[in-house]
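*Asks:* What follows is the residue order along each chain.
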Amino acid sequence: MGRVLRWDVLVGALLVAVFAGGSLATPGFATVSNLSFALGDLGEIALIALAMTLLVVAAEVDLSVASVLGLSSALVGALWDAGLAIETIVPLVVLVGAACGLVNGLLVTRLGLPSLAVTIGTLALYRGLAYVVLGDKAVAQFPPQYTALAVDDVPGTFVPYPVALFVLLAVITGVALHATGFGRSLYAIGAQEQAAFFAGIRVKRIKLLLFVLSGTVAAFAGVVFTLRYGSARADNGLGIELAVIAAVLLGGVDFDGGKGTLGGVIAGVLLIGLLRNLLMLNDVSTEIQSVVTGLLLIVSVLTPRLLALVRSRRPVLKGSS
Amino acid sequence: MRSMRLAALTALLALGVTACGGTTKSDVTSATPQAPASSAAAKADPNAPLKPGIKLAFLPKQINNPYETIVDKAGIEAAQEFQGEAKEVGPSDASASSQISYINTLTQQGHDAILIAANDANAVCGPLQQARAKGIKIVSYDSDAAPECRDIFINQASSEEVGRSQVQLLAEMVGHKGEIAILSATANATNQNTWIEFMKDELTKPEYKDMKLVKVAYGDDDDQKSFTETQGLLQAYPDLKGIISPTTVGVSAAARYISGSKYKGEVVLTGLGTPNQMRQFVKDSTVEKFALWNPKDLGYLASYAAAALVSGQITGAEGETFKAGKLGERTIGADGEIILGPPFTFDKTNIDEFDF
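First to last, the protein sequences are chains A and B.
Per the working numbering, the very first residue in the first sequence carries number 337; after that it's consecutive.
Per the working numbering, the very first residue in the second sequence carries number 3; after that it's consecutive.
To be clear, the hints were calculated from the coordinates, so they are not data collected in a lab.
Which residues of chain A face chain B? A few of them, derived with a C-beta cut under 7 Å, are:
1. ASN370
2. TRP416
3. THR424
4. ALA474
5. ALA476
6. GLY566
7. ARG569
8. MET616
9. LEU617
10. THR622
From the three backbone atoms N, C-alpha and C, an ideal C-beta is built for every residue, glycine too.
Produce the entire structure from the sequences given, and follow the hints as far as they go.
*Replies:* See the structure below:
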C-alpha cells in the first residue's frame, strides 16, 4: 500500500503514461531527432538537479545556480575573446563556480544564515557579475569540435553527450545518496539537524561541501549551455533555477529535507521536459504550458501531504508500510 | 586549507594544458569560412507556380509583442492569398535560448518554411541548420540569423538608409547644431547596432560638423529602463539638443518622459516608432517627426518570399526575382537579402491615416 502510493513512483508512472500517450497521439514525438533534442534541452537542468537534490535532502537550497551558470557562460565568452585556449578556460571557469558555491556555503554554515536568503542574494550578485564580465555582448565562434560535443549524440543512440555524462553522474550520485553512510547522513541532517550533529555527523562540513558541489556543477552546466547554443551571454540560463527546483519537488523531495529519492527527481526532470515538448508539438501556447507546469508542481507538493494526512487518520497497521 | 590545495592543483593542471597548446579563438577564426549550405545544385525556376497548401510558421522574437504581432498577422493573411497555411508560435520572453525549442518543434511538425526574427544570430544557427537538412526553407525577417543558417533575410529597410535618414531627420529639426544622444535597445541587437554605425558615419560629413554625438545609451527594449535612461541622459548632458531612439520601445518611453518634463519643447526626439504608440506625443508636440517601415508589408513580403522558396521560384541567390503579390516584383540582393523599401516619415499631417 505505502509502496504503491509513494509519490516518486507515481511520478515515474506518470512519465511512462505521458511518453506512451505522446508516442501514440503526437506524430514527430517519438522520433530519434526529437527525443535527442528534448533530452539535450534538459541537459543543464538535469545536471544541476543532481546537486540540488543532495542540498534539498539536507534541508538547504541553492537559488543562485542559474546565475552561476550565467557567470560561467560570461566568463567563457570573455576569456575566449581574450584569446585563451578553451582547454584552459573550462577548468578555470569550473573553479570560479566552486568559489561561488564556497561563498554560499560559508555564509550559510559559518554565519548561520538561512540558505534561501543567502542564495537569493547571490542570485542577484552572481548575475550582476556576469554582466560586469561580458556586458550585453554575445560571444560566438567556438571551436566546432567542442560545440559538436555539446550537441551530438553518442554514436548509435539518441542520447546527446551531455546526457550521457548526466547518466554517469546520476549513477554516482544515486549510489552516494542511497547506498553510503554519506547519503544517510544527508537524510539525517535534513530530518533532524541537531540529532545528526549529536550523532557525530559533521553537519557544517558536509553542507559546505554540498554548496561547493552545487556551484561547481552549475558552472560546468554553464560551459555545456554555452557550447550547446554556441553563444556566450550574461543572460544565459536566466530563471532556470526555478525549473531545477520544480523538478526536484515534483520528484518527491520534501522541501523541509530528510525525504526523497534521486530516481524521483530524474523522473521529475524528464516529466517536465517531455510534457513541455509534447505541449509544444501540439501547438499549446507558452502561457498554457506555464499553467500546466505550475499546476503539476502544486499537485506534487500537495498530494504527499494529503496522503500523509489520510494515513495519520487511519489506525496504524504495523508492518503495512 | 584542503580546498586551497585543490585550487592550486587545478590551476597547475590548467597551465599544463595550455603549455601543451590548446584551441584558441585564432584557431577558429583562421579556419576558412564554410560555404553556404544552400543546395547549389537546385535551380531557380522563376515561372514555377506557387504550390498550394504550403505550411509556414512564424517564430517572432517573442509573442505578445505588439509590433511582431502586426508583422506576423499580415504574413498569415498573405498566406491565405496563395492558399497556404500559416501560424505564429514563440516564446514569452525574448531571450536567446528560448527560440531554440520552438525551432526543433517546427522541424518535427514538418513545415515547409520557418520564418524567424532571431533573438541571437548565432544561438539559433545549429537548430536552423538541422531544419534545413530536412528540406525546410528558412526566411529570417526583422532581425537576421547568421547568413549561413538561413536562405533569405527580409530586411525591413536598408540599414544604411535607416541610419543615415535618422540623422538627417534629427539634423533638420535641431538646425544642424548641438549635442545629440542615441537611446538604443540592447547593446547586442544586430539591427540597432548596424544602424548606429551608419548614423556615426553620416555624422562625419561636413554639414554635421556642429553636431556632436555624446552618448549611446541602452534601454534594453524595456519600457521602464528606457524611461530611466532618458532621464539619465538629460540630467548628464544639460546641453543635449536631440535624441534618436531607433527602437519602438525606446522612442515611446523617451517621449513619455519628455512630455511630462521641463525638457518638452527644448529637446528634439525622433526615432523609429509605431503610429499608435506615438500618436499622443505627436499631437501634444513632444515629437515632431519619426520614421518606420510598414510592418504589415514586412510580414506580407516574408510570406511571399517563403512561398517562392518552397515552390522553387527562387533559391536565395543574388539577382533572382519573384512576384510578391501586391508589392510587385522583388529582387534578391547581396547575401540573400531582400529590402522592403525606404523608411516612411510620420508627422502630424499623416499619422491619423495609420492604425498599427
